[in-house]
Amino acid sequence: MENLLKVEKITKKFGNFFANHEINFEVRKGEVLAILGENGAGKTTLMNILFGHYTPDSGNVIFEGHKIDFGNTNSAIKLGIGMVHQHFTLAENLTVLENIMIGKQSIFSLSLPKKDARKKLLRLSEKYGLPINPDSMVTDLSVSEKQRLEILKTLFLDCKLLILDEPTAALTPQETEALFATVREMVELGLSVILISHKLNEILRVSDRIIVLRDGALVGEVNTNSAVRSEIAEMIVGKKIEYPKKQDVKRKSQYLQLTDISYKSLSFPAVQNINLTLSGGQILGIAGVAGNGQTTLAKLLSGHLKPSSGEVLFYENKKVNTSPKSFMNLGLAYIPEDRNSDGLVGEMEIWENVIMTEIDTPYFRNKFGWINKSKSFERATNLCNLYDVRMQSIRQPCRLLSGGNVQKLLLGRWLMRSPKIIIACQPTRGLDEGAIASIQKLLLQARAKGSGIVLISEDLDELLSISDDVAVMYKGALSEPINTEQTDKLSIGLMMAGEGF
Amino acid sequence: MIEFFEIFLTAGFWAATIRIACPLILATLGEVLCERAGVLNLGIEGIMSIGAMVGWMTVFLGADLYTGILAALIIGGVFGLMHAIFTVYLGASQHVTGIGITMLASSLGFFIFKLILPASTTPPKIKPFQPIDIPFLSDLPFFGQALFQHTPFTYLAIVAVIFAFWLMNSTPLGLSIKMAGENPMALEAQGIDVFLVRTIAVVLGSAFMAVGGAYLTLSAFDAFYFGMINGRGWIAIALVIFASWKPERALLGALLFAGLDAYQVRAQQLAGAVIPYQFFLMMPFVLSIIAMIIAAKRTRYPKALLVPFRRGERH
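So the sequences go chain by chain: A and B.
If you read the first sequence in our numbering, its first letter stands for residue 1, the second for the next number, and so on.
If you read the second sequence in our numbering, its first letter stands for residue 1, the second for the next number, and so on.
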């Protein structure tokens, strides 16, 4: 097959850190090329270079014989490269049609040919099987519709090469299937696609060829039909990963009970009539597509929000004031969804973050009531050793830690308190395979010690492998829990799309 | 009591409302343009002030009135460009830069005025725009006097609203401006230069503001003095929120505020002895605040307002 794009010796540094180091590869006409790698391996940086967002320190990108000008997306777009970014690049206050047609003419043109644009949009929408209403406001679209719009936007600019950066991050399994059908369709019609992902299973199903990046360098290239899953997984991480196995644990008494909890407000998605029980030694998984009320539920469970109606009961039907503090004092730990903004203070040092939850304990005070630094340092050092938080010094600010280490620190801080109940909200989201395995291992260890855990996650594989039961959230309602032995990915996926609600 | 209602029935009241509204309309449109692109322009008060001075001075030095408007337009654009260089290209704080521009522009304006006319104690005067009667329409009872006996500058302000409405809703530039203020990455992803779009919006918006200032010296009054903008720029900042960043609603908001102002002057004359005049002076502001509270509840801010766009950074 003919080459469409050739990447030659691309190197990009951020400070002293090589985000990309001498990367060479090519994309052929009519193929799906997958780029795999952990977070921070340099995939997104590389794509931002191809698309012209970033200027590399050295190297060239050649598209159909033309060099791409860097630092300016216009050149890549004119040549026929389209990119769907990991985070949507849509203006929510405009309509679908308006979002699509921008960029087609010069901004100094005096007319806005909406009629022609609408015709072309509808034609493309039919050709590629991507239904959309041109007059909807973007803010009213669902996540998968927004993604469809992103793809149509690039097709509208007549792209020949489509870059999809982590396109399935926010999709249900069914929506993912539909997306991949579209990708195959586009390739049939002569386009080329670069697919970036860290989900290996998906890549193996849809791609023709795979290249793997690790620490900014290209470490492997394989044809998908001759690829072996475990070999690629090792290539991505650079070593063997051991996934934790769930052991049988004796259930303890009931630790937490929610009866008919409802919550209504403008700032968070509403939840209605939630019933839930959690026992010690149980992991209760909560599945659902983002935005169906999981965040609200997590905040209700951790005492950050007071339910509009219904009751939260601890242990033997004990009731306490709704506040994070009083819940904590009952032995509850909370891993927030956004670990960087709600879990830790990035600008503060590691040891400060470690003792943040312990600051009322006399042990960490000296006789004047000031912070006892030597005991605090000791605690921080112990924690980092115990939970394998890789850092240079406990005096470094937390924001310099990688996502996996931040999460280990956060989880470790709670585990030091031997919590009875753990509310873990998306604890492995955005982490790479190695870190995911360690976090899951820590959760399973806590379970073995008798903690009850509510695990809110969008990753079905994770939920099915480590939780005892799974309940699904859809539009603010929570299903009955189902034993994970008696269900599979497909039926949970259907429930996530609203079946049975 | 009935006299207080009769004010609304006088054509003079409506004519005054339109007159008072004009500088506010122009200034608010200017601020709408800037903020829609994601740039708060607190330079408004100073830009209006220097626009007022430059417009007036141009005419005083012998040019005709339309050249005066053009001169104000250009000086507004120059200060807009300064604001854009700092806030758009260098990503400086929009608040600090804006306030700096206001202090610079208003003081510089008065300084230049004093350099050219050092000795004047009573401000010299020019012959400003005169009302023109629109044929036939101006003869209509009531409406004729209220709507069709204004200066050309007043009609120009109305044309400006139509222009801004057309720009925002029917041109690729307007669409780009709206997108730059909502999600600049969306614009960049479509191959459009965010910096350029924001700069154009700020320059154009600032030119509108300066022309709004020039309305005071070329049409409403006939002289320039220090501090004559008297907070109109700040009112415009509030009106932008009332207008939900839409040109057509900016017209409505400016008319509402101007109406309250025109009313309080007349109400003061009626009740001067009974109620202290300060109460009436306060009224338009209090009522504006109430109107804003009601209107702003439903308001959606441009999401990228105040957020500098930095190209090629990790996000």
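In case anyone wonders, no lab produced these hints; they're calculated from the structure.
Mixed in with the good hints there might be a few duds.
Listed next, the in silico DSS-like pairs over lysine-lysine satisfying Cα-Cα at most 25 Å (straight line) [said to hold, decoys possible]:
| id | chain 1 | residue 1 | chain 2 | residue 2 |
| --- | --- | --- | --- | --- |
| 1 | A | K114 | B | K246 |
| 2 | B | K297 | A | K104 |
| 3 | B | K303 | A | K115 |
| 4 | A | K489 | A | K441 |
| 5 | A | K246 | A | K489 |
| 6 | B | K297 | A | K264 |
| 7 | B | K303 | A | K146 |
Computed footprint of chain B on chain A; a stretch qualifies when at least three of its residues, placed anywhere within it, have a C-beta under 8 Å from a C-beta of chain B [said to hold, decoys possible]:
| id | segment |
| --- | --- |
| 8 | 71 to 77 |
| 9 | 105 to 113 |
| 10 | 401 to 411 |
The C-beta atom is built at its ideal place from N, Cα and C for all residues, glycine as well.
Hints not upheld, ascending by number = Of the numbered hints, 2, 3 and 10 do not hold.
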